[in-house]
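**Q** In case you want the letters, here they are:
There are 2 protein chains.
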Amino acid sequence: MKLKVKDMDIATGLPLVAIVNKKDANKLDLYYEDRILIKKGKQCVVAITNISESNKFVPEGKIGLCEEVLKKINSKTGDSVNISIVSRPASLSYIRKKLNKGKLSYKEFYEIIQDIINNRLSQVETAYFVAACYTHELDLEESVSLTKAMVNTGEILKLKKYPVMDKHCIGGVAGNRTTMIVLPIVAAAGLAMPKTSSRSITSPAGTADTMEVLANVNLSVNEMKHIVEKINGCLVWGGSLNLAPADDKIIRVEHPLSLDPVGQLLASVLAKKKSVSATHLLIDIPLGKGAKIETRKKAMKYKKLFEEICKKLGIQVKVIITDGSQPIGNGIGPSLEARDILWVLKNHPNQPYDLREKSLKMAGIMLEMGKKAKKGQGYKKALEILESGKAYEKMSEIIKAQGGKTIGPEKIKVGRLRHDFKAKKNGTILHIDNKSISKIARASGAPQSIASGVYIHKHAGQKVKKHEKIITIYSENKSKLNYAVEILDKINGIKVVS
Amino acid sequence: MKLKVKDMDIATGLPLVAIVNKKDANKLDLYYEDRILIKKGKQCVVAITNISESNKFVPEGKIGLCEEVLKKINSKTGDSVNISIVSRPASLSYIRKKLNKGKLSYKEFYEIIQDIINNRLSQVETAYFVAACYTHELDLEESVSLTKAMVNTGEILKLKKYPVMDKHCIGGVAGNRTTMIVLPIVAAAGLAMPKTSSRSITSPAGTADTMEVLANVNLSVNEMKHIVEKINGCLVWGGSLNLAPADDKIIRVEHPLSLDPVGQLLASVLAKKKSVSATHLLIDIPLGKGAKIETRKKAMKYKKLFEEICKKLGIQVKVIITDGSQPIGNGIGPSLEARDILWVLKNHPNQPYDLREKSLKMAGIMLEMGKKAKKGQGYKKALEILESGKAYEKMSEIIKAQGGKTIGPEKIKVGRLRHDFKAKKNGTILHIDNKSISKIARASGAPQSIASGVYIHKHAGQKVKKHEKIITIYSENKSKLNYAVEILDKINGIKVVS
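First to last, the protein sequences are chains A and B.
Going by the numbering used here, the first sequence opens with residue 1, and the numbers climb by one from there.
Going by the numbering used here, the second sequence opens with residue 1, and the numbers climb by one from there.
Since the hints were made in silico from the structure, they are not lab data.
Among the hints, erroneous ones may be present.
One copy or two, either will do: identical chains are not told apart, so a pair holds if it fits within one copy or between any two.
Said to hold, decoys possible - Result set (EDC-like, lysine to aspartate or glutamate): computed pairs, CA atoms no more than 20 Å apart in a straight line:
1. Lys478 with Asp24
2. Lys62 with Glu387
3. Lys62 with Asp9
4. Lys465 with Asp420
5. Lys101 with Glu137
6. Lys56 with Asp7
7. Lys289 with Glu68
8. Lys478 with Asp29
9. Lys22 with Glu68
10. Lys101 with Asp260
11. Lys371 with Glu384
12. Lys39 with Asp79
13. Lys435 with Asp29
14. Lys469 with Asp420
15. Lys158 with Glu229
16. Lys6 with Glu67
Isolated chain A, as found in the complex (with noise of 0.2 Å):
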C-alpha cells in the first residue's frame, strides 16, 4: 500500500512509530503493535503501528512517522512510502515462553536485548518481559545469561591492565559517598579501576552528580580509557556510555510499579562491570531499616546470588554487609557530599568519621583482593595513603584529567538558605531515618540544585544538648527551602530519647 508521509514532530527516544489512519490499518488488517516495513527506494525500516481514530491526526493516506523512522529511510513530508506487514520479532515469542514459565537461553535473552536496545519492542512489550522475570524469577544460568547478553549487546572498555577493580553500592543509604575515597585509594596503591557511576533518580545524589560538582563526567569510552591507563583511575555517568545500554530502557518500564526483579537488577549491575571488564569486585550490601534492604534473610540471598553470577562470568568478588540503618556522612546532596569528601581526604578535622571508617576498610579489602596488600593488613596500608596525601594527589590527579580544577573543601559553594532543626532537651538520638532525610534533602533542590540538601551534625547514638543543632537544611530557593522545613516537621525522622 503506498501511502503519503507526514512528519509528526515527535522524537522522544521511543520505539519506532509510525501512526496509520484507522481506515488505511482496516484495509491492511493491521492492528495496534503489528510490525510495518515502510520502504522509500531502496531504503527501508520496520516499525510498530500506531493507528488513529481521528483524521485530524493522521488521515487517510497519509502515515504519520517520528523522527527516527524518518531519519532511516531520509524521508520527508510528502514522500511517497511503500508499506506491508511483516512478522513479529521472535524475541515477542520468547516473552512470551517465559510469561509461561519457560527458561530462556542466551541466544533468547540477546535477542530481547537487542531488539529493547534498538527499539524494535514496544514499551508494553518490554513490560511483559519484565513482568515475566518479576514473576517467574530468574534461575542462576538464566541470571548468566541475561548479564552475558546486556554486556554484548553494548561497548565494551578494553585495558591493558590487570587486574581491574571496581565497586558497588546496592544503596538506600543518603549520603554513603565511599567510592571518590575508595577510588583514589585503590588507584594511589597503583590499581585500575574504571569506575562508572550513575546519577541520583529518587535519592538527593548519585556519585555521579557528587563528582561533577569537581569535575565533568560525560566522558567517552575512549576518554575512559586513556585516562585509566595513564593514572589508573576515573570516575564517570555510566549513562553517558553505550556500556549495557539496556538497562536504562528497562528501569524506565519498571517505574511505574517501582518493580525490580532480582534476576535482572543483578544482571544489570554485574553487565555494567563486566563491560568495564572487572576481573575484581567489591560489593557493600547496606543492611537496615529504610535502606534497600531490610532483612538479613534477603541481604545473604543476594550476597549468594551474586557470588554464583560472578564465580560463572569470572569475576572474583567479595560481597560484604554493613550497616544500613541510618545515613552515612554529614553532607547529603551533591556540593554537601563532595565537601565532606575533600575533608576526608585532606584529614581535615570536620572530616565524618563513619564515612572515613567505612571507605577504609573497604579500600582495605579491595587492597588485599588486587594483591596490593596482604591478607589482613588491607586497612593499614589503606590508611597510609589516605593519611600520607597520596589519596588526595590521586584525587586531584584524575579531577584535573576529567577537566576540572582542584579545589579546596572550603570553596565548595553551599546552600545561600539554611535552616536549623535543633534538639528539644538535653537526649541521646535514637534514629535517624534515611529515607526521611533523602525526602527533605530532595524537597530543598538536591540533586537538581546542587548547592542544596541536608547537613547532619549528630548521628545516632551520639548526645546531644538542648538547642544543639541536628541537621540544617540547606537550599537556594526560598518556597523549597519551607518545603522542606515542613517535610521535616511532618514525618517524624528524627528521634531523640532523653
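Place chain B on chain A using the hints.
**A** Just chain B now, kept in the frame of chain A:
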C-alpha cells in the same frame, strides 16, 4: 510550576498524556509516567507524564498536551497552566499486589477497571495488570469480582422482560454463524434476546460484520431497549455501546503477545452478558484441532469455570462442548455467511445443513431453558418455528427495526472474481483446517471487503470426484485473489484421501 501550553495535535484515544521537557521534568523531579495535576484557573485534570529529550518536540517552559487533556481544561496553545506532582493512583498498588501473588477484592478490581476506562492508567501499567492476571490465575471469587467490576463501570441495559436469553461462542471456528439463526427462533418463540456481538479482529468475519450486510448494527443502548421490548430480539455491535467498556482497552495490550488470561477472558465474556441483564445463557465451546480450544481437558476447565462463575452472578447457564474441528456452514466472509443464513431461514435447498442442525440444537436448548418447550421438546419446537417460516419473519422484523431492508439470499452480492479449487482425483475429504480457511478468506479481502471470502462445497467426510469443486475463493480485487490462491497452494489446509 507555570508552563505554556503547546497543542500537540495528538488524539488517539490513548491515556491522558502531558509532555514536559527534560529540564522542567528535572526541576520538578518528574519521571516517566508520574502523574501531574494541570490547572488552568479553576479547571484541572490529572495526566501521565511523558518526557521530551528534544527541545524541538517540547521546549523548556512548555507543556505538550493531547486533545483529550486540552478539552478537559478547555485550553489552547499559549495558555498558561500550573502543574504539580500528584501521587500515583491506588490501582497501581493493587496491580503490584497481584503481581506479587496477592488476591484482589471487588473494590480493588473496580478501581483498576475504572482507571483503565478513564485513561488514568498507561498502557504499560495496563500490561502489568494483564501479566499479573496471566501469571497468577484468578480464582473463582476474583473472577466474579472482576466481572462485576467490568459491569459496574459501564452502562447496563435494563429490560421489563423475564427471562432474558443470551448465547456466547468461544470461537475459533470458521463460519459457525449460529447466532443469526438461533436469535430469530428464540425471539419468535416469545423470549427476549438483546444480543450484542463483536466484529472480527483476526477472523474473516464477526457476527456483527455478517449482520451488517443486512442491517445497521451501530445502535445505542436505548435503541436496543426499544427494539427488544417491542419485537424481542436485536443484534448489535457491542463495540459501539458503553457496556463493560474496559474490554477493548485490555484486548489492545494483550494483542502483541496474544495473551488471554483465562479469568479475564471469562470475566469479559460474562460482563457483556450481565450488562444486558441476561438471566439465561447458553455457552458453546467448539473443541477440535484449529479451534480456540484444542483439548477436552481445557474445554472441561472452561465449562466448569463458566458454571461456577455464572452461579455466583445469578445467571442460569448451560455449557455445551461441540465439534470445532472444521468450518461450519459453507460461506466464510460477511456476505457469503449472510447468504447461508438467509437460505437456512428460508428452508432453501442451498442451505448448509451442518449450520442448520447446530443452530436448531442450540435454539432447542434455549427454548427449554426459557420454558417455551418442555424438557426434551426444545429441538422439535425450534424446528417448527424454522420450518413454518416464523424465524424468517422474525429476522425480517429485526432487520427492519435496525434500519435494513429484507432482501432475498440470491440478491446478496458476492465477490466478482473467483477461483475454484478442484479435486485432483476421486476421494474423500479428510480434513478442512479452520485456521487455513480463515487465512485464505482474510487474504481474499474479508471482512473489510464484505463480498470476499471462501465458499466450501465439500466438508470433511464427504466424497469428491476428480475435477469437482472443493472450495471457491471470492474476491473483489485481483491481487488479493492471487494472494489468497498463493496461500491456498502453500498451506495445504485441505486433505483428500483416495
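**Q** Tell me, please, which holds for Lys289 and Glu68 at an alpha-carbon limit of 20 Å: within, between, both or neither?
**A** neither (45 Å within a copy, 43 Å between copies)
**Q** Treating 20 Å as the Cα threshold, decide for Lys62 and Glu387: within, between, both or neither.
**A** neither (70 Å within a copy, 52 Å between copies)
**Q** Indicate which option fits the pair Lys62, Asp9 if close means a Cα-Cα distance not exceeding 20 Å: within, between, both or neither.
**A** both (15 Å within a copy, 15 Å between copies)
**Q** From the Cα coordinates, with 20 Å as the cut-off, is the pair Lys101 and Asp260 best called within, between, both, or neither?
**A** For Lys101 and Asp260, both the intra-copy (18 Å) and inter-copy (16 Å) Cα distances are at most 20 Å.
**Q** Given identical chains, is Lys435 near Asp29, meaning Cα to Cα at most 20 Å, within a copy, between copies, both, or neither?
**A** between (51 Å within a copy, 16 Å between copies)
**Q** For the identical chains here, do Lys465 and Asp420 meet the 20 Å Cα criterion within one copy, between copies, both, or neither?
**A** within (14 Å within a copy, 98 Å between copies)
**Q** Indicate which option fits the pair Lys101, Glu137 if close means a Cα-Cα distance not exceeding 20 Å: within, between, both or neither.
**A** both (9 Å within a copy, 13 Å between copies)
**Q** Since the copies are identical, ignore which copy is meant and state whether Lys371 and Glu384 lie within 20 Å (CA to CA) inside a copy, between copies, both or neither.
**A** within (16 Å within a copy, 96 Å between copies)
**Q** At most 20 Å between CA atoms: does that hold for Lys39 and Asp79 within a copy, between copies, both, or neither?
**A** within (11 Å within a copy, 40 Å between copies)
**Q** Could you place Lys22 and Glu68 in one of the four classes (within, between, both, neither) given a Cα distance threshold of 20 Å?
**A** The answer is between: 18 Å across copies meets 20 Å, while 22 Å in one copy does not.
**Q** Tell me, please, which holds for Lys6 and Glu67 at an alpha-carbon limit of 20 Å: within, between, both or neither?
**A** This pair counts as both: shortest intra-copy Cα distance 11 Å, inter-copy 18 Å.
**Q** State whether the alpha carbon distance between Lys469 and Asp420 is at most 20 Å within one copy, between copies, both, or neither.
**A** within (6 Å within a copy, 93 Å between copies)
Violated hints for the displayed structure, listed by number in ascending order: 2 and 7.
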